[in-house]
Structure formats: C-alpha cells, structure tokens
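Sequences listed follow chains C and Y, in order. Going left to right, the first sequence walks through residues 1 to 64 as the working numbering numbers them. Going left to right, the second sequence walks through residues 65 to 542 as the working numbering numbers them.
Quick caveat, the hints were computed from the structure, so don't treat them as lab data. Here the structure is a predicted model, which means the values were calculated and not measured. A few of these clues could be false.
[Stated by the list, open to error] Calculated lysine to aspartate or glutamate pairs in the DMTMM-like style (CA-CA distance at most 25 angstroms, straight line):
id: 1; chain 1: Y; residue 1: Lys-166; chain 2: Y; residue 2: Glu-402
id: 2; chain 1: C; residue 1: Lys-4; chain 2: C; residue 2: Asp-59
id: 3; chain 1: C; residue 1: Lys-23; chain 2: Y; residue 2: Glu-154
id: 4; chain 1: C; residue 1: Lys-26; chain 2: Y; residue 2: Glu-155
id: 5; chain 1: C; residue 1: Lys-26; chain 2: C; residue 2: Glu-41
id: 6; chain 1: Y; residue 1: Lys-135; chain 2: C; residue 2: Asp-29
id: 7; chain 1: Y; residue 1: Lys-135; chain 2: C; residue 2: Glu-27
[Said to hold, decoys possible] Footprint (simulated), chain Y over chain C, 3 or more residues, beta carbon under 8 angstroms:
id: 8; region: 16–27
id: 9; region: 42–48
Backbone N, C-alpha and C fix where the C-beta goes; we use that ideal spot for every residue, glycine too.
The chain contents come next:
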Amino acid sequence: MAYKIIASMCTGCGACEFECPNKAIKESDGVFIIKADKCTECEGAFDTPQCAAVCPVDDTCVPA
Amino acid sequence: MSRPVVTLASIKRLSEPERPKIKASSSCASASDPRIADHPCYSEEAHHYFARMHVAVAPACNIQCNYCNRKFDCANESRPGVVSEKLTVEEGLQKVLAVAAKVPQMSVVGIAGPGDSLAGASAPKTFALFKAVRAALPDVKLCLSTNGLALAEHVPQLQELGIDHITVTLNAVDAEVGEKIYPWIFWQGRRLTGREAAQTLLERQLLGIEKAVQAGMLVKINSVLIPGINDDHLPLVHKAVQERGVFLHNIMPLISNPEHGTVFGLAGQPAPTNAQLESVQEACGIDAKLMRHCRQCRADAVGMLGEDRGQEFTSDKLPAQAQINHEARHLYRSVVAEERADRKAAALRADAALALAAHSPKRRVAVCTKGGGRINEHFGHAREFRLYDVDATGLSFVGVRRADNYCQGGWGEDDNMEAILKALEGCEAVLVSKIGRCPKDELAKAGIDAVDGYALSYIEEGLSNWYAGLALPARISA
Numbered sequence: 001m002a003y004k005i006i007a008s009m010c011t012g013c014g015a016c017e018f019e020c021p022n023k024a025i026k027e028s029d030g031v032f033i034i035k036a037d038k039c040t041e042c043e044g045a046f047d048t049p050q051c052a053a054v055c056p057v058d059d060t061c062v063p064a
Numbered sequence: 065m066s067r068p069v070v071t072l073a074s075i076k077r078l079s080e081p082e083r084p085k086i087k088a089s090s091s092c093a094s095a096s097d098p099r100i101a102d103h104p105c106y107s108e109e110a111h112h113y114f115a116r117m118h119v120a121v122a123p124a125c126n127i128q129c130n131y132c133n134r135k136f137d138c139a140n141e142s143r144p145g146v147v148s149e150k151l152t153v154e155e156g157l158q159k160v161l162a163v164a165a166k167v168p169q170m171s172v173v174g175i176a177g178p179g180d181s182l183a184g185a186s187a188p189k190t191f192a193l194f195k196a197v198r199a200a201l202p203d204v205k206l207c208l209s210t211n212g213l214a215l216a217e218h219v220p221q222l223q224e225l226g227i228d229h230i231t232v233t234l235n236a237v238d239a240e241v242g243e244k245i246y247p248w249i250f251w252q253g254r255r256l257t258g259r260e261a262a263q264t265l266l267e268r269q270l271l272g273i274e275k276a277v278q279a280g281m282l283v284k285i286n287s288v289l290i291p292g293i294n295d296d297h298l299p300l301v302h303k304a305v306q307e308r309g310v311f312l313h314n315i316m317p318l319i320s321n322p323e324h325g326t327v328f329g330l331a332g333q334p335a336p337t338n339a340q341l342e343s344v345q346e347a348c349g350i351d352a353k354l355m356r357h358c359r360q361c362r363a364d365a366v367g368m369l370g371e372d373r374g375q376e377f378t379s380d381k382l383p384a385q386a387q388i389n390h391e392a393r394h395l396y397r398s399v400v401a402e403e404r405a406d407r408k409a410a411a412l413r414a415d416a417a418l419a420l421a422a423h424s425p426k427r428r429v430a431v432c433t434k435g436g437g438r439i440n441e442h443f444g445h446a447r448e449f450r451l452y453d454v455d456a457t458g459l460s461f462v463g464v465r466r467a468d469n470y471c472q473g474g475w476g477e478d479d480n481m482e483a484i485l486k487a488l489e490g491c492e493a494v495l496v497s498k499i500g501r502c503p504k505d506e507l508a509k510a511g512i513d514a515v516d517g518y519a520l521s522y523i524e525e526g527l528s529n530w531y532a533g534l535a536l537p538a539r540i541s542a
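So that you can see chain C by itself, here it is in the shape it has in the complex:
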C-alpha cells in the first residue's frame, strides 16, 4: 500500500514533499516521486494521504 505520482501531471511544486509525514517524497528531474517502501498512505497520521490533499493537480497523487 503506497501512493505514486503521475510524472506527466506533476508541476514540480514540491508541496507534497513538505507535507509527507514519512519523508517518502523526493525530487527527481524536476518532478517528485514517492518511495513506495516509505509510504504508509498516511495511515495513523492523517485522515487522507497528504500528498493527494495538497497537490494542485487532480488525480496526480494516486494509489500505486
């Protein structure tokens, strides 16, 4: 269970990296990627995955 970022939709703003409670998100080539092994979908920490909640582009941070 992890989220992923659709690279073609990512604006590279970095809002998700900052909000991620697991430090699972890193920049790579101007867009951001989620390390699946670190992602918990924010369970136990927040109601909803923070990356998806803050991302400015709909359907960009989605279940992997």
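Could you slot chain Y onto chain C? The hints should help.
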C-alpha cells in the same frame, strides 16, 4: 551641474527623467511614506523610476483558485502565478545579484509565488532567500505577496526580517462568494472544500491582515474582479479592509483566457471590461487609495513595471559571480532625487496651464511612455497605454491599458490595431513621441487624434498643455 548618467546606460533606455504629480491625481497613496517611497508597486510616483523583481522560489501553494492554472507557461505572457523556471534559494540569490548588477533601478525584491510565498513548502525558502538578500543588498526592500491563509502565524518572522509592507490577495469576505472562487484549501492536514474552505480562508486572511497591520506593516490588498461573482461584493471587501487599516486596495481585472486552462477560462467566465473595472473601482474608491498602475506581473517578472526583462536573467545566463556596482546604484538614486525635484516644478507649471482652461469639459486621453514620467514612447513600440482624465481641476490617472498580443508575439501587425483601438476606447487623443502615418490615419478614422507635439515632455505638463491648447498638436510626419 553634470549629471552622472554616463555610468548608467541601462537607466537611459528604461527611464528617462521623471514626471510631476498633479493636484487632482487620484492614483498615488502617500508615496512620501519612507517604507514605500521607492516601491514601484506601492507608489504610482515611484514606478516611473524604480524597478522590482519577483524571485520564483515559492512554487508550492496551499489553496486552489479558479483563476489560476499553474501548469501553463508562456514566456510572452504576463499574469500572476506564471513562471518560466522555478528556482532554488541559491539560484534565486544568484539571480537577484545578477539583476542588481545590471539594473540599478531595482529597489525591491519580492516573492510572489508562483505558488504561495507562505505555504508550508514555500515559507522556509521565502525566508531563506530574504535573509540572503538582506545580507547582500541591505538597500533593497523586501516584499511579499500571499493569499493570506498562512499569514497570521508568520507575522512575527516577517517583522524580524524587517519586512514592512506586504500584499494579500482577498477576493471575498463572505464564504458564499468565496466558495465560487476557491474550490479547496489545504489547512492543518486536510483538504477543505466548499463553504468550509471559503470560510476558513477568509477568517485566516482577515486575521493575518489584522496582525500585520498591528505589527506596523503597510498592507496592500489585491482583489481580482470577477464579473457576476464578486463585482457587487467588492465594495464590502473594501469596507472590511479599510476598517482593518490597510494602506492600499488594488482591484485587478480577472484574466480568463481559455487557453490558460483555468477553471474560469474553460467555463467561459468573462473578464471584466475596462468600463466594468472602472465602475467597481469607483464604487470602492470614493475615499480609497487605489493603485491603478498595477500590471499584474508574473511571479518571475524583472524590471520596470511596464516591461519584463526576465528572459535576460534565466538560469543559463546568470554569471557565477555578479559584480555589483554599488556606486551606480547610489548614483541612480541621486539622479532620481534630482528628477523628482524637477518634476515638482513641472507639476506647478501644469497646474498653471490647466487653470487657463477653467471652463472646458473633462477629456480622456492616452499617453505612451517608456518610463521616467515622460511622453517618450513611439506609438509603434507601445505595448500599453496610460489613460488620464483631464479637466481644469487637474489630471486623474485612470489606469493602464495593455494592447500586446503576447501569444503571437507580434507587434505593429494590422490585426493588433483592433486590440489597440479597444485599449484606447473612450479616448479622444493619444500623446506619443512619434507615430507613423498609417496608424495615425487609422486612429483618426476611429476618432482618436494622435499627437506628437508634446514629445519628451512630462506626462502631466504635456497633458495640461494639450488640454489648454497651449501648443498646436503637431501634424505627424511619416
């Protein structure tokens, strides 16, 4: 007295000498306040002399606005929220130093996104860049623009950095209106939508504004006029911000071209006409300090307000180590001080000229300028026009009308005349430094007299003399 202009080649191109301020001008807030005396965005008077740059270190945002689509970028386009490249703090500082070295007019470094300067991911970068700029260029003013959601909690930090003026975008003070503008906000780990989002946002905005004012900052409010959504509501917004002691309230037209891909653009939400904008500004502006010289800049704009030199300072063009000529920067300021004094004298002459025409009706007229407060731009090079209403009591600056065809990049094309005529709607004359015969004839057909007889004079003096008929408008040579 010799004037030290020689060292300032770039100044000459950008900003010829200055211009006077007229008694009836409605555009300028108290520009004498030292906090904003040299700030081109806050002071209409200062924008004839000084340049600003926006450093795009803040791409992350914490709300979504229906007039914003951050994916779209065209370098020829000017609108908020748009940048060509986002910068790290180090790159941002490098760019600031490069601009300071080449543009001695630069008096302000601002952060205006392209996201929100105080959003979670943005705030650390915003503060890091401000600290670095403060250390390298102590004479430069720091400025920040925000949607206000995260303002209240950052006021102490802003104060610590000596930031004494900020801009907050506030489009509604009623959640019923706000929910039509903001589909969601990200607040305390949750995405809020609908009425709840709008209500939370406006409460945080008003609290942030109050705290900033209490902290002694000059607060400017930007409101986007969205016809059918907040046009009737903006007078209430105006009242709310006035009660909270804001310094300026700037009402800007919605930009909603469908090709930008914004929610409003795609839904066919129209932008306001010039007349609609003016009528709302008037409805709000009876005793308000409005600023009508605003150009709704990109989040990476560089230069004087009417121009954008951002393309000269892209990352690939930045020197590793910029040599800042502090002397040139000081010289430029002394030139400006001299020009400002001269302009005051010209203002008195302009008043005298107007007094000669005491019984004439109000007339609307446009001016082409490339800076310095003079009528010094060739009609064919003009990308924007400054509109004034003139009567015997003085001039009032109506605003800036743009007529550039950015997406096609063309200028002087036939098809652009249409845009120009639209920009000049309601004007009976346009005062230019020069104009070709063809465009002059076309303007004449539309009932607009193109006048080059006041070339290089101060705007106010030229307009006053034109109004009083003190010199014959020159017949244009081809």
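Numbers of unmet hints, in rising order: none
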